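Trainee: Chain order of the listed sequences is F and H. Read in order, the letters of the first sequence correspond to residues 83 to 455 in our numbering. Read in order, the letters of the second sequence correspond to residues 83 to 455 in our numbering.
Worth flagging that the hints you see were computed from the coordinates, not collected in a lab. All values reported here derive from a predicted model rather than from experimental measurement. Any given hint could be a false lead.
Just so you know, same-sequence chains aren't split out, so a pair can sit in one copy or run between any two.
No more than 30 Å apart at the CA atoms, straight line, and that leaves these computed lysine-lysine pairs for BS3-like [said to hold, decoys possible]:
1) K380 to K234
2) K427 to K303
3) K108 to K431
4) K93 to K303
5) K445 to K431
6) K427 to K370
7) K445 to K380
8) K303 to K233
9) K211 to K234
10) K380 to K427
11) K303 to K380
12) K303 to K234
2 protein chains.
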Amino acid sequence: MSGSELESLEKVLESHLPEPELREVKRLLFGKRKLDFPACAVDAASERDFELKAYRFEAAQEQLRPPRRIRVGLIQHRIVLPTDAPVLDQVNAMHNRIGEMVEVAAMCGVNVVCFQETWMPFAFCTREKEPWTEFAESAEEGNTTRFQLAKKYNMVVISPILERDELHNTLWNTAVVISNSGNVLGKSRKNHIPRIGDFNESTYYMEGDTGHKVFQTQFGKIAVNICYGRHHPLNWFMYSLNGAEIIFNPSATVGALEPMWPIEARNAAIANHCFTCAINRVGTEHFKSEFTSGDGQKHHDFGLFYGSSYVAAPDGNRTPGLSRTSDGLLVVEMDLNLNRQISDKWSFKMTGRYAEYAEELAKAIRHDFKPNI
Amino acid sequence: MSGSELESLEKVLESHLPEPELREVKRLLFGKRKLDFPACAVDAASERDFELKAYRFEAAQEQLRPPRRIRVGLIQHRIVLPTDAPVLDQVNAMHNRIGEMVEVAAMCGVNVVCFQETWMPFAFCTREKEPWTEFAESAEEGNTTRFQLAKKYNMVVISPILERDELHNTLWNTAVVISNSGNVLGKSRKNHIPRIGDFNESTYYMEGDTGHKVFQTQFGKIAVNICYGRHHPLNWFMYSLNGAEIIFNPSATVGALEPMWPIEARNAAIANHCFTCAINRVGTEHFKSEFTSGDGQKHHDFGLFYGSSYVAAPDGNRTPGLSRTSDGLLVVEMDLNLNRQISDKWSFKMTGRYAEYAEELAKAIRHDFKPNI
Chain F
83 MSGSELESLE KVLESHLPEP ELREVKRLLF GKRKLDFPAC AVDAASERDF ELKAYRFEAA
143 QEQLRPPRRI RVGLIQHRIV LPTDAPVLDQ VNAMHNRIGE MVEVAAMCGV NVVCFQETWM
203 PFAFCTREKE PWTEFAESAE EGNTTRFQLA KKYNMVVISP ILERDELHNT LWNTAVVISN
263 SGNVLGKSRK NHIPRIGDFN ESTYYMEGDT GHKVFQTQFG KIAVNICYGR HHPLNWFMYS
323 LNGAEIIFNP SATVGALEPM WPIEARNAAI ANHCFTCAIN RVGTEHFKSE FTSGDGQKHH
383 DFGLFYGSSY VAAPDGNRTP GLSRTSDGLL VVEMDLNLNR QISDKWSFKM TGRYAEYAEE
443 LAKAIRHDFK PNI
Chain H
83 MSGSELESLE KVLESHLPEP ELREVKRLLF GKRKLDFPAC AVDAASERDF ELKAYRFEAA
143 QEQLRPPRRI RVGLIQHRIV LPTDAPVLDQ VNAMHNRIGE MVEVAAMCGV NVVCFQETWM
203 PFAFCTREKE PWTEFAESAE EGNTTRFQLA KKYNMVVISP ILERDELHNT LWNTAVVISN
263 SGNVLGKSRK NHIPRIGDFN ESTYYMEGDT GHKVFQTQFG KIAVNICYGR HHPLNWFMYS
323 LNGAEIIFNP SATVGALEPM WPIEARNAAI ANHCFTCAIN RVGTEHFKSE FTSGDGQKHH
383 DFGLFYGSSY VAAPDGNRTP GLSRTSDGLL VVEMDLNLNR QISDKWSFKM TGRYAEYAEE
443 LAKAIRHDFK PNI
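When you get a sec, could you build the whole thing from the sequences and use the hints?
Mentor: As structure tokens, this is what we get:
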């Protein structure tokens, strides 16, 4: 094992397992995904010091619908400057880094790119308001979202930010969706806010009020389920009921939750007959002031963001994850026709009995609910 | 690879990966489960030619509640006689087999045992009514459920059967729950019925009408989500809202669904802060008459039931699976206090916003629903 952190599960397996065991283990872990497509722009990625991986999910040829093949790009990265550098320097450094990664995504023909949760150190553990709230920006006019990448590269950009809502004088954790024309299509706020250990983000912002918006883009109908919302099956489900073909899950997650990471977004793809894209940041972020956590200890960081971004398909197949330790771009070509094909085949929506659940849930939420024991 | 089928994922990893990679890969795949507890009754299992595995999930010591440690047993097995043997012989042979496996479970101190879905060949693919409907029995008075194991071994028995409801002149796919006193506690019918390829079980029985019943036993509150219901997150969720501490998922599943098997029950344990037990049958079942399937082909079997029964805990940890190819008993000791501890820590229920979902779902099920696009 090189260094103290495993680079990725797949690399370990590939180094040690003989064929045909490796093939069978990969099938059990990832399903029968199609072969990698000829990797694009490998040199550019390598020069810029990030990992580039590319996979493809195919669908059956239909008679009446042409294939709807699109390419998504998932970007994971560490913060660029130390967390005590001037705010504007930090922001600019991150913009430069994302800029050079998105350029490579463009070389790979990516149509929809999604970044990790918030363009800033994930400093909510500190409980400090300054300087972190200075990273907040308007969804419609902010620095990050004005980012001209979308138009330049004809790419839908999903940009998760810390949003400052001047009108209501509040902050939100928000994903801004920018169409490939460069216009803001809209925004989707984080629906579920963690209150766990280092992560009581409600010190800064509350549960989102934008519901389960789905964005019609030139490349399909997309939705954004931010971070902690991945633990809530109803959240994925409701995006899907509103028509989402791809649900992005920009996240910031560490430590004990790592064994759950491969499970939840993938389960959502299966249960909802859609694609899901799970994106985590990378690296350990150090904060100058010591802070306390739910474990009774004092910290200057909250551990390794373990990367491992991946895409899951409606048939249960998934890509391997990006590295646990380094910046990376995951390019995935998918034929969106697969969603309906799998839905027609497995019929989880048809057999879902939602009318019964709507009734049961309405009863179950009442304070005087009597469980069926 | 010995033979044409991999015995289990874990065995391959253990044969080829060096420490410390193995330790880290196991953490990523299964989480940090506690060590095996001293295996009981290994000789008895080996004499009777089935695999015996045992694991433990611990919880933190609390000040006001004593630990609530119980042991569950999951039994997976192939059918014993060929499917064209006389029905009564098949039934008796299966009773004998289960009898000798449950005896070993008793030696291991199991408090709650659950068998796989239906005491019969999984013949619904044939579309033949005879002789398969002869396997059906009353939930309250049937042969299987009269099985005296529960009282003999002071064990709660979950016995999934093909139920004949004489009163309504219908068949159901039903789990009978027998208390450790030997009395029938009640029954739970399969809530979601597949209509996929070989598996249109609605030729035989329809969606269950027993809702999301939870059974209070001496060893905790348990529920049974039968087979295809594992694809429906709302189904798990509603058992949990009704108080289930352990949800059993007796199943019969093959082929392309194998990569999904480790995902769905485990996701349900995570999302609902409870234990889940996934049980699949083993082996390939051959039927005399050729039948057609959703793939346009003719068959005499529908492939390998891949076993791999496992238990998942609310903290996202899971046991490795039983073998893919042989009969087995999985014994798991769990401290049920872990459910509330994890719920208090991660708070998915508290942050679930169920009132909003009840409203949204009620709207979404209407035929004239306008999605939020």
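Trainee: Indicate, hint by hint, whether the structure satisfies it.
Mentor: Against the structure, the hints:
no.	hint	result
1	K380 to K234	neither (45 Å within a copy, 54 Å between copies)
2	K427 to K303	within (21 Å within a copy, 35 Å between copies)
3	K108 to K431	within (29 Å within a copy, 34 Å between copies)
4	K93 to K303	neither (34 Å within a copy, 42 Å between copies)
5	K445 to K431	both (22 Å within a copy, 16 Å between copies)
6	K427 to K370	between (54 Å within a copy, 27 Å between copies)
7	K445 to K380	neither (43 Å within a copy, 47 Å between copies)
8	K303 to K233	within (19 Å within a copy, 56 Å between copies)
9	K211 to K234	neither (35 Å within a copy, 64 Å between copies)
10	K380 to K427	between (52 Å within a copy, 18 Å between copies)
11	K303 to K380	neither (44 Å within a copy, 38 Å between copies)
12	K303 to K234	within (21 Å within a copy, 58 Å between copies)
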